[in-house]
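Listed in order, the protein sequences are those of chains V and Z. Using our numbering, the letters of the first sequence correspond one by one to residues 285 to 478. Using our numbering, the letters of the second sequence correspond one by one to residues 582 to 815.
It is possible that some hints are incorrect.
Below are the DSBU-like pairs computed for lysine-lysine, each with C-alpha atoms no more than 35 Å apart in a straight line [to be verified]:
#, chain 1, residue 1, chain 2, residue 2
1, Z, Lys696, V, Lys345
2, V, Lys470, Z, Lys652
3, Z, Lys718, V, Lys390
4, Z, Lys634, V, Lys469
5, Z, Lys608, V, Lys439
6, V, Lys386, Z, Lys652
7, V, Lys343, Z, Lys608
8, Z, Lys608, Z, Lys718
9, Z, Lys811, V, Lys343
10, Z, Lys811, V, Lys439
11, Z, Lys634, V, Lys343
12, Z, Lys608, Z, Lys811
13, V, Lys293, Z, Lys718
14, V, Lys293, V, Lys390
15, Z, Lys718, V, Lys474
16, V, Lys386, V, Lys293
17, Z, Lys634, Z, Lys718
18, V, Lys439, Z, Lys652
19, Z, Lys696, Z, Lys718
20, Z, Lys634, Z, Lys652
21, V, Lys343, V, Lys390
22, V, Lys474, Z, Lys634
23, V, Lys474, V, Lys343
24, Z, Lys608, V, Lys293
25, Z, Lys718, V, Lys345
26, Z, Lys696, V, Lys422
27, Z, Lys634, V, Lys422
28, V, Lys345, V, Lys386
Hints in this document: simulated from the structure, not taken from any laboratory.
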Amino acid sequence: MKTKNTNGKDLITTGIYTALYIVALFAASVANVTPLTFMFYPAVASLLGGTFFLMLAIKVKNSFSIIVWGIIVGLLFLVLGMGMALPFFVVGAVVGQLIIAKSGHKSLGMITLAYIITSVCSVGGYAQLFFTTDSYLKEASARGLTDDFVNGLSKYATGTFLAVIILVTAAAALCGIMAGRLIMKKHLVKAGVI
Amino acid sequence: MKAGGLDVRTKLILLLYTAIVVFAVPKLWLEVTMFALCSLLHIIYGSVRRSLKYLVIYAVAVAVQFFLLPKLSGAALMTVSIFAVSFRRLMPCIMAGRLLLQTTTASEMLNGLQKLHIPIEVTIPLAVTVRYIPAVKEQLQHIRDARRLRQFSKRGGFLHRALRSVELYYVPLLVSAVQMSDEITAAAVTRGIEDPCRHTSALERRFGTADYLLLTLLAALTALIIFTRKAAVA
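Isolated chain V (complex conformation) (with noise of 0.2 Å):
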């Protein structure tokens, strides 16, 4: 999915919305505080972040930005110890590629769609705490973490509150994307810088 003739100004633009949206997740990162608002986090993440993607569909007009930024933003979760991240970042970040490039980056539908479908994955960060919940919350109490915080996350370890999480993250994202276009609206388009 390359294209031929390398466009500098794409490659540049990715960049900078990444660090924008990298920014936004330290921002989001507060919610790491408790262990219920740290189940939330993909869904601060993802609302604080939609702006920033919105603007990268937009602006960048090629096949693979969209998945630079997915594998980017996942190392940034593994070097930041959400591992499990990773895989299910990059390939919500394909899918939404996929989505979005074949709709001709016009769509704001289908950029939100594509935006809800990645959100979601980031999701997939918690895998562990689902699906091998005993060996996963022994780990988090060897780390040192308290029982409190152990209990309280095993509270929460079940297929309903899984449920509840997914669902918040893509409403999340719908008004992460949503803010981000009114933004647009008020302040850039008039200003003619998009």
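Given chain V, put chain Z in place with the hints provided.
Chain Z alone, transformed into the frame defined by chain V:
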């Protein structure tokens, strides 16, 4: 070992190794070992003061885990343990990451990644991302100052303030992102970023003694981990 002694590929391997090992093997001794290794490298590279700062934070965090945490309970326990345990676990990774970022120039990194046969479509966005994050942080500081000066934070109810504050942060960031991407592109195209040929570098790096030494050390550490695992099982 002089400054810039390690190959960028070695630093990358160190970062990935630290990230995987510290989180996959929840053992304190391993974390301490990785922390010590990274501090040592920082010292060798000449940033003694930063290394000492990290060391103090790390030591305090470990001490808190062993002496203070058993005495706390409830919300205080939760908050303290986040900083003392979860944040502390990130420190070896943060240090390996800082080592990579602060001792490698962008062109060195691009050159090293090119040698690993990673396509240019990934390496250039990665290099730009890594260089742009500090710039974003600086911009955020400026925005914060400007906001405080005009006392935006004191108007309206909570929801109104929250929405407004998102807007006040995002719009300047996005506008300057658009400008920056034009500027960086102009600079990079001038340097031949769109050239389809293999890019050369004036500073060709090869693996040296220091690289092999560090890689051997990591291999030995891996062997030690496997050995202790087996011993624990038996």
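These are the hints, each one checked on the structure:
| no. | hint | result |
| --- | --- | --- |
| 1 | Lys696(Z) to Lys345(V) | holds, 28 Å |
| 2 | Lys470(V) to Lys652(Z) | violated, 53 Å |
| 3 | Lys718(Z) to Lys390(V) | holds, 31 Å |
| 4 | Lys634(Z) to Lys469(V) | violated, 46 Å |
| 5 | Lys608(Z) to Lys439(V) | holds, 25 Å |
| 6 | Lys386(V) to Lys652(Z) | violated, 58 Å |
| 7 | Lys343(V) to Lys608(Z) | violated, 45 Å |
| 8 | Lys608(Z) to Lys718(Z) | holds, 33 Å |
| 9 | Lys811(Z) to Lys343(V) | violated, 53 Å |
| 10 | Lys811(Z) to Lys439(V) | holds, 32 Å |
| 11 | Lys634(Z) to Lys343(V) | violated, 42 Å |
| 12 | Lys608(Z) to Lys811(Z) | holds, 14 Å |
| 13 | Lys293(V) to Lys718(Z) | holds, 23 Å |
| 14 | Lys293(V) to Lys390(V) | holds, 19 Å |
| 15 | Lys718(Z) to Lys474(V) | holds, 26 Å |
| 16 | Lys386(V) to Lys293(V) | holds, 21 Å |
| 17 | Lys634(Z) to Lys718(Z) | holds, 21 Å |
| 18 | Lys439(V) to Lys652(Z) | holds, 24 Å |
| 19 | Lys696(Z) to Lys718(Z) | holds, 31 Å |
| 20 | Lys634(Z) to Lys652(Z) | holds, 26 Å |
| 21 | Lys343(V) to Lys390(V) | holds, 10 Å |
| 22 | Lys474(V) to Lys634(Z) | violated, 47 Å |
| 23 | Lys474(V) to Lys343(V) | holds, 16 Å |
| 24 | Lys608(Z) to Lys293(V) | violated, 45 Å |
| 25 | Lys718(Z) to Lys345(V) | holds, 27 Å |
| 26 | Lys696(Z) to Lys422(V) | violated, 41 Å |
| 27 | Lys634(Z) to Lys422(V) | holds, 32 Å |
| 28 | Lys345(V) to Lys386(V) | holds, 11 Å |
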